[in-house]
Amino acid sequence: MSETLKVPTMAEYMAQGKQPEVLFWVGCAGSFDDRAKKITKAFVKLLNRANVEFAVLGTEESCTGDPAKRSGNEFLFQMQAVTNIEVLNAYEVKKIVTACPHCFNTLKNEYPSLGGDYKVMHHTQFLKTLLDEGRLTIEGGKFKGKRITFHDPCYLGRANNVYEAPRDLIRKLDAELVEMKSCKSRGLCCGAGGAQMFKEPEKGDKDVNVERTEQALETKPDIIAAGCPFCNTMMTDGIKSKDKEGDVAIMDIAELIANAQDL
Amino acid sequence: MEYLPNILFAIILVFGIGYFVKNISNLRRNIKLGHDVDVSDNKPQRWKNMAMIALGQSKMVKRPIAGFLHIIVYVGFVIINFEVLEIIIDGLIGTHRIFSSLGSFYGFLIASFEILAVLVFVAVIIFWIRRNVIKLKRFWNQEMTSWPKNDANYILYFEMALMTLFLVMNATDIPFQEMNSGNIISQFIAPLFEGLSESTVHLIERSAWWLHIVGILIFLNYLYFSKHLHILLAFPNTYYGSVKPKGQLDNLEAVTKEVKMMMDPSIDPFAAPEPGTENNVPAKFGASDVQDLNWVQLLNAYTCTECGRCTSECPANQTGKQLSPRKIMMDTRDRLEEVGKNIDANKGEFKDDGKQLLDYYITREELWACTSCNACVEACPVSIDPLSIIIDMRRYLVMEQSAAPTELNNMMTNIENNGAPWPYNQMDRLNWKDE
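Protein chains in written order, with numbering that gives the first Met the number 0: chain A, 0 to 262; chain B, 0 to 434.
Any given hint could be a false lead.
Stated by the list, open to error - Non-contacting residues of chain B with respect to chain A, defined by C-beta distances greater than 10 Å in every case (computed):
1. VAL60
2. LEU219
3. PRO274
4. THR318
5. LEU396
As the list claims (entries may be wrong) - Here are some of the chain B residues that sit facing chain A, going by a computed Cβ distance under 7 Å:
6. LEU407
7. ASN408
8. THR412
9. TYR423
Quick caveat, the hints were computed from the structure, so don't treat them as lab data.
We treat Cβ as the ideally placed atom computed from N, Cα and C, and that holds for glycine.
Next comes chain B alone, as it looks inside the complex (with noise of 0.2 Å):
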């Protein structure tokens, strides 16, 4: 009996490790119902801008106090990481902190993770103390009801029962406390137990450290149903994001094949197709669903942590308009979500559900209220690119559906009938230099 613990430890491991596991198979292929989109240029720009954007931080500094204890957490997460694989470690083979015998260092490494852990909760307060009390508009604005409402604050509350675990075990572990080294917090938190008999100190360590370690198993399967798939998607994100000038919008291939023979007067527009291709479908312009979209716009939306950095520098939305970037991301993700599960009740194959992200998400509103400005392209802190999903679907708006606004119909037709936006002549062009 004495191996109880330790295989269910594994037991638990496995299921927590599993479970995870899965979901993110689910979420690969979720993202690759997008459509295939050529990354492969440009591979140092990427690393570097994943280097700096992500690992550096670079753009969560922008903002400083939210940057600065964003880093906190950041670096105290990924730090503390060492202190979990010694618990797995320990779990497993039943040993007792196996670390331990590198000596001086482990004290050195248990006090900055004990360090970490309260910078950390006290980061974590200042969030939570932000979002709820100062209230930033930001993390008021309509679409943050809700659900994504109470996610945020659930991250906060896990991130600071964490903390308080991994502080707690450190004080309730005699052995710990007797070595005196790398106690540097804990120690002070140890006095609060002194009361008790060591049996009872003994068990508030052992569930301390059995509920540090199921909560952080807990917490990685909650990632995926959460906005806080950052913390892993961020770094491919910020690979596979744009590395091309943000004005530079992607030319249609589809459409230039079609100009070019509509140019081409060898080309005979009534010629029958080439064989095998009788029954191809011709490519649908611009995207009403998320199948329309590339896997990294798709990527994009399982990234978004729903800060609303985008959304509070966006023209439209601090004008009052309904556009908000930060809802365009979540709609995505949601319809994604929504397309996944359809698929996984359907044995593999998406049916028609009678609904799309266009209209049953976002609006036509939404979409004809940006200014394209790049504004939330460069507030993002993640390379999230919300303005191409806009564009896609003004895309189907109008070359699928001809449902432009009537005044952009006039602009355009002027500019097929006089090559400029207005309806002057063309042949007028050069009359400015006499006048």
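The shape of chain A in the complex, shown without the other chains (with noise of 0.2 Å):
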């Protein structure tokens, strides 16, 4: 359905000269990852249906530099961001939505002191106020009764807090949200972050995501939850490793919302 996939580009609209309500901040993952390129569109559908006028930077956006960051290359991590902050400041964003937690906490926490203050939400914190404002409805009959357990990113919930929304938006789904013998404030880990994404793990008994995902299934979910593009794929990859793919999905939040409004 992709004909119908509005998205427009900051350049666009400054040719306009129009300033967009928000910018969506898609990420590496969510420009280039197969998986969490579905995530990026149906958080577009919800966009486009709730008539909100967004923009993204397209090839003008580059990655935050988190990953170089969290390996220890401040240089490389400040290349990215001053370069970064000289674009969004040249279109004179104000508000940024990403539907990745690792870009949001960078934009949100260490983008201000190098000089690029905005306002950084996270798509679950932006869908949220779409439906308390009214501006986007759920019609939870699809997921009736479906166990979902939320697994929280380390960098949305620790890093920074936001425990509700995600959780908010999955009981307005009219499902079954189960919660993790460790969840929230000491959730574990999926494994990806600080840059492990990109490499092997060391030596040890067992895979992180492979332990997380055994704490995800013993709530017995139909649905794992997820609010982060690596840890999607973390938990996918433990999933597979459980010979569990054939009964439990793991979905992004704004699939999931998307889902149950056909989109």
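Reconstruct the complex from the two isolated chains, following the hints.
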């Protein structure tokens, strides 16, 4: 249904002399990773449905620098940050929404002291606002009675204390929200943070994503909900390693809501 | 000769407190080896953190059993200090229970101390059982052998002994028992000494009294050599702990300067340095030794009481990797102590000993296993931040040594070349729209 997606760029808005309500920061995973691209599209469908005037940077977007910073490469991080801030400030961006908690954390917390001060929201927070304002409605029928457990992304939860927005959205689906034994501030990492996504793990007894997947499976879920493209990948791999991919779906919150709307 | 006990008491007190003060100044000196960091922001939040986390034990009770037992021991120790004040005054001027003139209020106070003493004793026994009989996993990680293991038990034995001495002291205090006010527990211990002569009972009372106060002074001086320093340092540590979102790492200013220069076309990269700055050594990026850390990180290391909550929450440790956030803190303190002793031995100057925190204490394998998930930071009951040390050491490895794992180097090369951690062209960033 790609022809129905409206994805204007900041450059197009600028050419018309207009300013969008919000910039959608797609992020590298959301732009290039096949699984994450589906999340990006689901979120765009919801933005379109709610008639949100948003724009993306498109080819002017570049990595926030998060994995470089967490690897210890402060130079590369700051080069990325300063370049991105130049672009964002040139477009006079005030408000950013992103579906990636790593981008969210970096833009929100680490850009201000380098000259980039924006109101930054995670897409679950943004979707919740749309619902609260009545710009978007959820019909929960499709997920009625389904057991959904939410895996807290570290960079949304512990790092920035956002625990309730994603849960509020799941509750609105009339689904049964079931919590894992370690959740919220004690949620176990999926294993991808701190640039682990891009390397093999150190020697140990087990992979972190498998441990976390086992915790999720203990809740006997129909769906494991995620709010981060990297968690999504790690949990999907975990489910595969347990041969459960036919029984349990890993879905982003944006996908759940878009799905409920038959978008 | 009648003043002999008072003089002896004063000498013991002066030595006990003097040695402690000397060690504390050593500790301050060591902490100040770290470089400076601005902690002047958000003072109201800092006071609140200290009040809630240290004074109010808000993080301890996240684990209810240990939290509850710890509150008993904590309250017991804080409140029983009133009794210590009385002992000191009695000891110095030769009175006996000088505060007993407070009458029934004194009885109330001593009764509450006696109850607390019993509760502390029981709590400490349970702690000992958890550690040595039930063998909770976090007390038996590989860094918890030899001294750290013994240290933990010595502290428990100390507390048992001090509480016992306090109760025996009260039970054998004949005038106090005759007063029959406040001896709520000790009246049941007193019958144990019934068959003995009055002078023997008095001798036991005096011995318990002396051992109690000398024990307290020894314990006070033991702190500096022990993980038990947290009873003092938890307060400054929670005050100076981060008041920023946990996800926020600091942006290195030295790097910002260089990046701005690189991005500013009007700056001449080949310009001669400003007069007077020719010999300035460029700042070292990241940390390979304790002097490269900031003083809050070093304070963190002295504050750590090795409870292991961080390690038990660490995803890397849970899945059998070498990384243990507690070990990061213990290593930092051990190395800092070593550097401190080196300075003492070399007349105030650090002599290169061919060692450093990196590799000699903390291995690269540990550092690269971290997912930066902040579980350790969240778990710490006294606001210690092991993650900041891990990141600073990674910074050293990457920016000073170019020693990142190959896969991470590939990732970083991709970011440099195409603005994404994978080898995709930046010009393809919006292709998803039409797929």
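Against the structure, the hints come out as follows:
1. Chain A leaves VAL60 (chain B) outside its interface by the beta-carbon criterion, the shortest separation being 14 Å against a cut-off of 10 Å.
2. With a closest Cβ-Cβ approach of about 36 Å to chain A, LEU219 (chain B) is found to remain outside the 10 Å limit, as its non-interface label requires.
3. With a minimum CB-CB distance of about 28 Å to chain A, PRO274 (chain B) clears the 10 Å threshold, and the non-interface call stands.
4. Residue placement check: THR318 (chain B) does not keep its beta carbon more than 10 Å from all beta carbons of chain A (closest about 4 Å).
5. Consistency note on LEU396 (chain B): stated as away from chain A, yet its beta-carbon is not over 10 Å from all of that chain's, at 6 Å minimum.
6. A cut of 7 Å between beta carbons decides the hint on LEU407 (chain B): the least distance to chain A is about 5 Å, and the hint holds.
7. A hinted interface residue such as ASN408 (chain B) counts as satisfied when its beta carbon comes closer than 7 Å to some beta carbon of chain A; here the least separation is about 9 Å, so the hint is violated.
8. This hint is violated: THR412 (chain B) has a C-beta 10 Å from the nearest C-beta of chain A, more than the 7 Å allowed.
9. With a cut of 7 Å, the hint placing TYR423 (chain B) at the interface with chain A holds, because the nearest CB-to-CB distance is about 5 Å.
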